[in-house]
Structure formats: structure tokens, C-alpha cells
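Taking our numbering, the leading residue of the sequence shown gets 1, the next gets one more, and so forth.
No lab work stands behind these hints, which were simulated from the structure alone. The reader is advised that the hints may include incorrect statements.
[Unchecked claim] Distance windows between CB atoms, simulated:
#1 Glu130 - Ser13: 16 to 22 Å
#2 Pro18 - Tyr105: 30 to 36 Å
#3 Cys34 - Lys2: 15 to 21 Å
Small disclaimer: the values here were computed from a predicted structure and weren't measured. We put the beta carbon where it would ideally sit given N, CA and C, even for glycine.
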Amino acid sequence: MKINEITCKTALSASKLPGLDYALNPYRGCEHNCVYCYAPSVLNEKRKWGSFVDVKRNLPNILAKELKKKKKKGRIGIGTVTDAYQPAEKKYEITRRCLEILLKYDFPICIQTKSSLVLRDIDLIKKFSEKEVGFTLTTI
Numbered sequence: 001m002k003i004n005e006i007t008c009k010t011a012l013s014a015s016k017l018p019g020l021d022y023a024l025n026p027y028r029g030c031e032h033n034c035v036y037c038y039a040p041s042v043l044n045e046k047r048k049w050g051s052f053v054d055v056k057r058n059l060p061n062i063l064a065k066e067l068k069k070k071k072k073k074g075r076i077g078i079g080t081v082t083d084a085y086q087p088a089e090k091k092y093e094i095t096r097r098c099l100e101i102l103l104k105y106d107f108p109i110c111i112q113t114k115s116s117l118v119l120r121d122i123d124l125i126k127k128f129s130e131k132e133v134g135f136t137l138t139t140i
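Working from the sequences, and respecting the hints, build out all of it.
Next up, the structure:
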């Protein structure tokens with residue numbers, strides 16, 4: 001697994017997923033490498049999916065700047081093409097720092113993950129007036 005620390009230019013993007021206005025992806029790539037993952041098919045990525053993770057180290061700062069300028073609140077999907085709570089999150093805490101910023105502006109959030117690491121941030125998640133957490137359960 002190749003972990004790369006990168007800088008990003010933007011934090012939020014318009015979401016095409018139903019019920020979401022914005023997408024926030026703290027990482028590009030995913031350590032889980034799920035065979036059923038749709039992310040590789042929607043991203044223009046030449047590297048082999050599951051072999052890399054790009055850590056967007058400046059994402060919280062960019063997010064704070066973008067939220068200050070947002071005129072319209074909208075529902076933010078966290079981890080729409082990555083798992084925001086994949087193993088790298090334990091070290092980098094990008095998702096947690098983004099949640100702290102989102103909480104200040106009280107944007108509605110929707111988190112999708114397959115990781116129990118999300119429980120680390122339950123203290124923050126509970127404070128949002130509108131929140132949703134979905135879990136992927138892989139079975140045989």
C-alpha cells in the first residue's frame with residue numbers, strides 16, 4: 001500500500017448522488033479494496049485501485065475557507081468515493097478535523113463507512129442537528 005500526502009485545491013464538490021448536495025472525500029483511493037466498490041468506475045484514476053491512498057493533508061483548512069463562502073447550506077456526503085474511516089484515518093485524523101469544522105457551520109452530514117473507527121468520532125457526530133451514518137456489512 002502506497003500512502004501519499006498531497007495538497008488539494010478544493011474540499012467540496014457537487015454531488016450527483018440522490019439526497020446529497022455536496023461530497024467531501026478526505027482521501028483518494030482506499031485501503032479496503034472492496035471487489036464491489038463503484039469508485040474506480042466513476043473516477044478517472046490510472047493507478048490500480050486498492051494499491052494507494054492519497055491523504056489530502058490540507059483538506060480541513062480548505063474546507064473551512066469554502067464553508068465561510070457558502071451561501072446555501074446543503075447535505076454533505078462524507079466518503080462518497082472513498083472510505084473516510086479507512087485505516088489511514090487512524091493516523092491522519094483528516095475526517096475528524098473536517099467534522100470539527102462542519103460542526104461550526106452545522107451542515108447536515110451523511111457518512112458511509114465499513115469501519116468501526118467511526119465510533120471514535122461519535123462525540124462529534126452526536127452534536128450535529130442533522131446526521132446520518134450508514135454502514136456496509138460484508139457477508140458471505
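Tested hints:
1. Glu130 - Ser13: 16 to 22 Å: holds, 20 Å
2. Pro18 - Tyr105: 30 to 36 Å: violated, 23 Å
3. Cys34 - Lys2: 15 to 21 Å: Holds, at about 18 Å.
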